[in-house]
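Got chain S sorted already, so can you dock chain A onto it with the hints?
If you read the sequences in order, they're chains S and A.
For the first sequence, our numbering gives the first residue as 5, with consecutive numbering after it.
For the second sequence, our numbering gives the first residue as 55, with consecutive numbering after it.
Hint data in this document are derived by calculation from the structure and do not stem from the laboratory.
Any given hint might turn out to be false.
Here are the simulated DSSO-like cross-link-like pairs (lysine-lysine), alpha carbons at most 27 angstroms apart as the crow flies [what the hints assert, rightly or not]: (1) S:K9 - S:K61; (2) A:K111 - S:K102; (3) S:K46 - A:K111.
Each pair of labels, with its calculated beta carbon distance range [to be verified]: (4) S:A112 - A:T140: 25 to 31 angstroms; (5) S:Q85 - A:P62: 32 to 38 angstroms; (6) A:M95 - S:P56: 38 to 44 angstroms; (7) A:T69 - S:Q13: 20 to 26 angstroms; (8) A:D110 - S:N114: 29 to 35 angstroms; (9) A:G70 - S:G64: 45 to 51 angstroms; (10) S:V58 - A:T108: 28 to 34 angstroms; (11) A:R131 - S:S11: 33 to 39 angstroms; (12) A:S138 - S:Q13: 19 to 25 angstroms; (13) A:D150 - S:S69: 40 to 46 angstroms; (14) A:G57 - S:K62: 23 to 29 angstroms.
C-beta atoms are modelled at their ideal positions from N, C-alpha and C, and glycine is treated no differently.
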Amino acid sequence: QQQVKQSPQSLIVQKGGISIINCAYENTAFDYFPWYQQFPGKGPALLIAIRPDVSEKKEGRFTISFNKSAKQFSLHIMDSQPGDSATYFCAAEYNNRKLIWGLGTSLAVNP
Amino acid sequence: NAGVTQTPKFQVLKTGQSMTLQCAQDMNHNSMYWYRQDPGMGLRLIYYSASEGTTDKGEVPNGYNVSRLNKREFSLRLESAAPSQTSVYFCASTRDSAVGYEQFFGPGTRLTVL
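If we strip away everything but chain S, and leave its shape as in the complex, we get:
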């Protein structure tokens, strides 16, 4: 129950395309779902986050879609750029500001 399953493990997208990363969870007590972006040699940085009382949140080219009944949420990167090439992690809060993390998706955007 304390897991967040992330897919795919790696993703290659052409410049201008849409990148989609999916996450699924079991524990219905999770109530905060952030996405983090990590570049090589750096720590992760918050990209966008959502609470389960909304089904979608958009910030620029990044959108989270949330399906509470299916216990799934996804990150969509529109008009993907080479600078978006990084590892993306989904996470879920399981207890008082403690996060359980997905295993990450390595995104490569080809020029």
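Just chain A now, kept in the frame of chain S:
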């Protein structure tokens, strides 16, 4: 404003040696964390501190101890290093955001235990 700083950046230890990883933040955040990141394993929480003087175990606390020295500093100690502790260690602190909260990460410490 340096954010979250960690020292050292790199470290090589022999099995059985001890060391302390240092972390400091200058953002006046209450909550601080220690994570380890291993290939294919994502980030796993080692210890967490909600405020000065309090600490709490995360998913993988065995073999580690922590000290929340003051509001700024949160150190991680390996008493007797093992090869299984070879990893990249990240310290983080948290501030409230519009939706929930944001964790700010340091640059990491790359530890190899031989």
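We went through each hint and held it up to the structure:
1. A threshold of 27 angstroms between alpha carbons decides the hint, and for S:K9 with S:K61 the separation of about 21 angstroms falls inside it, so the pair holds.
2. Distance restraint check for A:K111 and S:K102: the Cα-Cα separation of roughly 10 angstroms lies within the 27 angstroms cut-off, and the hinted pair is therefore satisfied.
3. For the proposed pair S:K46 and A:K111, the alpha carbon gap of about 25 angstroms is at most 27 angstroms, so the pair holds.
4. Hint check: S:A112 to A:T140, Cβ distance near 26 angstroms, so the stated range 25 to 31 angstroms holds.
5. A hinted range of 32 to 38 angstroms holds for the C-beta pair S:Q85 and A:P62, which are about 34 angstroms apart.
6. Taking the beta carbon of each, A:M95 and S:P56 are about 26 angstroms apart, not inside 38 to 44 angstroms as hinted.
7. Range check, A:T69 to S:Q13: Cβ separation about 31 angstroms, and the 20 to 26 angstroms hint is violated.
8. With their beta carbons about 43 angstroms apart, A:D110 and S:N114 fall outside the hinted range of 29 to 35 angstroms.
9. Hint check: A:G70 to S:G64, Cβ distance near 50 angstroms, so the stated range 45 to 51 angstroms holds.
10. Between S:V58 and A:T108 the Cβ separation comes to about 32 angstroms, which falls inside the hinted range of 28 to 34 angstroms.
11. Look at A:R131 against S:S11: about 36 angstroms separates their beta carbons, and that is inside 33 to 39 angstroms.
12. Restraint check, A:S138 to S:Q13: a C-beta distance of roughly 23 angstroms satisfies the suggested window 19 to 25 angstroms.
13. A:D150 and S:S69 have their C-beta atoms about 24 angstroms apart, which leaves the hinted 40 to 46 angstroms range violated.
14. Between A:G57 and S:K62 the CB atoms are about 27 angstroms apart, so this pair conforms to the stated range of 23 to 29 angstroms.
Violated hints for the displayed structure, listed by number in ascending order: 6, 7, 8, 13.
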